Amino acid sequence: MKKCKCRMAKVFFKILKIFLIANVALFVVFFFDLDGKLMFNVVEPFLKKHYDNMERKDVLQEPYDLDKFPKYKY
Amino acid sequence: MAISFDVSKIQKKLAEKKEGVQKTVAELKANGFKKNMHDFWYGKPHTAEPGGRRLGELYEDKTGLLTHREWRGFKDTMYYMYMIWGYNYLHMVTDILKFSNNPIDFLKGTWRYRWMGQTYLPVIHWFERGLQGMRGEALYASAWHYRAMVSASIHQICTFFNADTRLHGGKENDAYKHTIFTNETTCGTLFYPWKDAGYQYVSMEMIPYFVTCHVNSHTVLNYIDAVQSLGLPGDPCPMCQAESGLFVLDDVPDSSPFIITCNEACDASVSTHTLQDWFADKPLFALPIPMQFDDPLVKKHCMNEIEEMWKFVEEQTGTPFNWESMKKYLERQNKLQRDEWEKWEVAAKTNFYPINGVAQALFRIYSTQYGIQTDCWEDASEKVKKIMYKCVEKKINPFPQTRHRVIAWSCAPLYYSNWCTWAYNCWGLNCIINMDSLMFDMEIRTDSYENMLEDMATYHMWAPMRRMAVGGMHHIFELWDYMQRFNCDMVAMYDQLQCKGMQGVHGLFEDEFRKRNVKAFWIPHALPDSRTVSRAEIRRQINDYMTTVMHEEPLDPSLLDFDDSMTW
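In the order they appear, the protein sequences are chains F and C. So that you can map any letter, position 23 of the first sequence is 45 in the working numbering, and since no number is skipped, the others follow by simple counting. So that you can map any letter, position 430 of the second sequence is 417 in the working numbering, and since no number is skipped, the others follow by simple counting.
So here's chain C without its partners, still in its complex pose:
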């Protein structure tokens, strides 16, 4: 194999490195001993004044890789290295050993599936993007949310690979017979009755599509292009395109004897499940999320459909619905919801809430959708509560440079869910809460089967992208109540350019913002597809708003404009 070196490129890189070192040495000399020691111990201050941290200077051009990681002060850098970077690398391995029936299957799966190998190996960089600039309790607490998400992802990946006939020479093993495949917005809660009998719920797209976009946004582009290569139009929601593309490229594991699909609260997704029905070629039950859900008759209909789906599962598995199992896991889920309310209370009424915007949003949407399939959500929640109450008791403000308390509304760009970390570092915009967190804002009663079923129907109908996105005016405009409840003074309004439903209410929001004198900026995006609106364009829009409308100066000018077009 011939290896060629571009000497001029290497020389240019070396010259850049030399220049960087010279600049650092000159800076250290100019700072003086006292300031250098202070920076070593505490990290550089988060300020636009000279001597403040400049996170934008850490990036390599285009790739978003770091020339070096941020020095957060001695304690936080060591914490990051041992308790986040090292800890998570180590626990990724232990999680695989814990959840996998045979770790070799994990390697075979990595080799077989693009969404696995290309996406999940650089997962620690995902932490980096979300936690950049965080210090102290904000760093410690937000990282626990990430840890839970990684653990839940490995749990799902292992569920796939333990049962996948493709990795076991076509054999339908015991794990295959005990796996329930669903669409990603058919919540895991619905399958608690079979959990104690050893059945594993796994969504066909949550790992191969949804989580990949956050971790490595390159992967999903293959699936979008695959479905368009068949001649299907490029203008429907790219989420539906990507989910169909997984099947077109034959990249969905064969891990279950049957499938439960839904319309994923979106017209375009109806077509997705038609393609899934064709390509998967298995017994399939369609459990749609109603388009009009504030109607008691529709609710009754939805309850009937859920019961029909349960009968389908009973028939396919040969295992009856177990009320005790349902009750047990629902009670654990309700406890998790009450914990979240406790956290929201602190977020709403104080400045002591230690979770950053991206960690809050992803943890919530992931945990409510996946449900209590492992202990990871509860473990993380307990740890976060402990850190949060320490902040409350000692009056620690984990985001001391907050200038605006922001509520983020509608569906977020999956390829740039960490925009809020950037926005805090650059402008002091602290994203307190978001629509994704608030969707399943309810407990499910367990005092009787009838009450449980009624609440379960509501829970199912409040699916992601339904209640507060395309779920009718009343729910979309719940924004104003939540804005008040969480004491927010600014709205980050997501603008999913390929969502026909949300495009329809764009003007109404503009009118309401003006009428109510609400400070709001728009974040245009195309959900998973980073080619339609780049990250740099999103930042430019926010920069424009902050300078031309708010007349504010950035906290870190190095973050205003940088090229990360090739980043994960």
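Just chain F, with the same shape it has in the complex:
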């Protein structure tokens, strides 16, 4: 019984430790705006490059067929 309680306490403190470390890490990210800095300096430039190099349909080559659909007068 004593052994069991001891093990439970160990698990409890382990969880508490993980919880505290996770919270401190989160606080560091939050307080120093690390998420913003990551987005601004890494993610956005990377995505911009991707979008800039993307192949796009040249919509101007599409014919503008005015009579393709009915007038929808009711």
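Treat each hint with caution, since some may be false.
Said to hold, decoys possible - Partial list, computed: chain C residues near chain F (C-beta under 7 Å):
#1 53
#2 265
#3 266
Stated by the list, open to error - Computed cross-link-like contacts, DSSO-like style, restricted to lysine-lysine with a CA-CA straight-line distance of at most 27 Å:
#4 F/90 <-> C/158
#5 C/-4 <-> F/59
#6 C/298 <-> F/95
It should be emphasised that the hints constitute simulated quantities derived from the structure, not laboratory data. None of the values given here were measured: they were computed from a predicted structure. Ideal Cβ placement from N, Cα and C applies to all residues, glycine included.
Starting from the known structure of chain F, arrange chain C on it as the hints suggest.
Positioned in the frame of chain F, the structure of chain C alone reads:
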């Protein structure tokens, strides 16, 4: 891949950091234990006196990123971290899981569309800009408005991606057949009759254009430049340019078999929908917003057009108009409107209203335009009302440094909608209400089809940028009544430099301000385009007014002049 480091740049940054730490340590020593503990628990006071908070010192040069977030006192910093920053990150994920048919589509959409990937990932920074300096109930309540807007945005994004043929190998799936595409000022209210049959309304531009400008103002510049690269002139309203540019860059999802467009209450937008008709190449119904709308004959005409549009939807979807569905969602919308009136009553008559200017304006324009497509508006409204009544009961003034009660009029700069957060922090200018909030100031009757249709026509005609912007003298000058009703002593007058309609009445406002002895300052801007008038220029204009005309001193001198030219 070669990675190069600029050593001198890193050394300079480290030296700056060292200097910053030394300055903070010296300040803490000088303050003494008692003041330090007070600042730790409550945050630094909002005052120009020594020892007051200096929000301008938190910014990194140019980028607008923060060297560190503001310490708002123990309780509010923890609230911000867990209930705003963490909560919203978490709920962005749960919203995607809730609204998306397949979360992989969300990732595919992020990869495919610039307006998605470039804009919405830094959304939490948008909260930061709008909520900076807020403490206590102002922080808690304003954040709920932001939360609702993010949830509604994810709902729309998922509606796009669930149905988009481009993300599904060209397949027109069930979601595609149940999505109704419209222009962004064709309100969601019009499509309630099909909601219970599983049809989703989504505006083609609200997410790819309108909301992006608030969250990340860089994105929209691609679309403006795209349309100008075709040789179209650069002087029409940049909103119309950006909306056309989305099509020019082939960046509008293909999520619906048909489209309903409107003139978005603006002559330039008529051209937008011509381009949309060309590039989208789908059955299209044009439902214009009348240019003259105080005429009973025009109203009758508008009612007929709405009914014609409903017939078009019936024909395209094969699903009949459902009066019960219409009634059900209209009643929910009316309840939301009554809640808003309740809040406005408190804002007008007391100092206990806890919503800041930007949260008020964006929540209202977004919720009235999108309509009851999800529960998010009602949820947020209930939470805000609870906080508001706590303020009323306990006589809490959420904006204790208010020097002037401001009403903001005309269309706001989308890239700097949070100017009012800055104005409160720097000058004590508390933006109580604004034109965007007041546009759809009405309920829609549900006692009979005829009454509903009549009110629906009014609602449609009171669209954004119509009633109180280019909607005729009577409505533009409703400013004076609202100024009195909301007990405001100052006007922030937006000056959209590329809106030909509003430029035409600039002089009339100048005359009226003088005649009525109204304190007013102008905010020049070019709606989404941050290159025409910078944020720094807007601040400079307000600073000039506050010092040269009002002879006032700033509450936070660090906010007078700083460079955020590259910020989102």
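Tested hints:
| no. | hint | in the structure |
| --- | --- | --- |
| 1 | 53 | holds, 4 Å |
| 2 | 265 | holds, 4 Å |
| 3 | 266 | holds, 5 Å |
| 4 | F/90 <-> C/158 | holds, 22 Å |
| 5 | C/-4 <-> F/59 | holds, 17 Å |
| 6 | C/298 <-> F/95 | holds, 9 Å |
The structure fails none of the hints (numbered hints given earlier).
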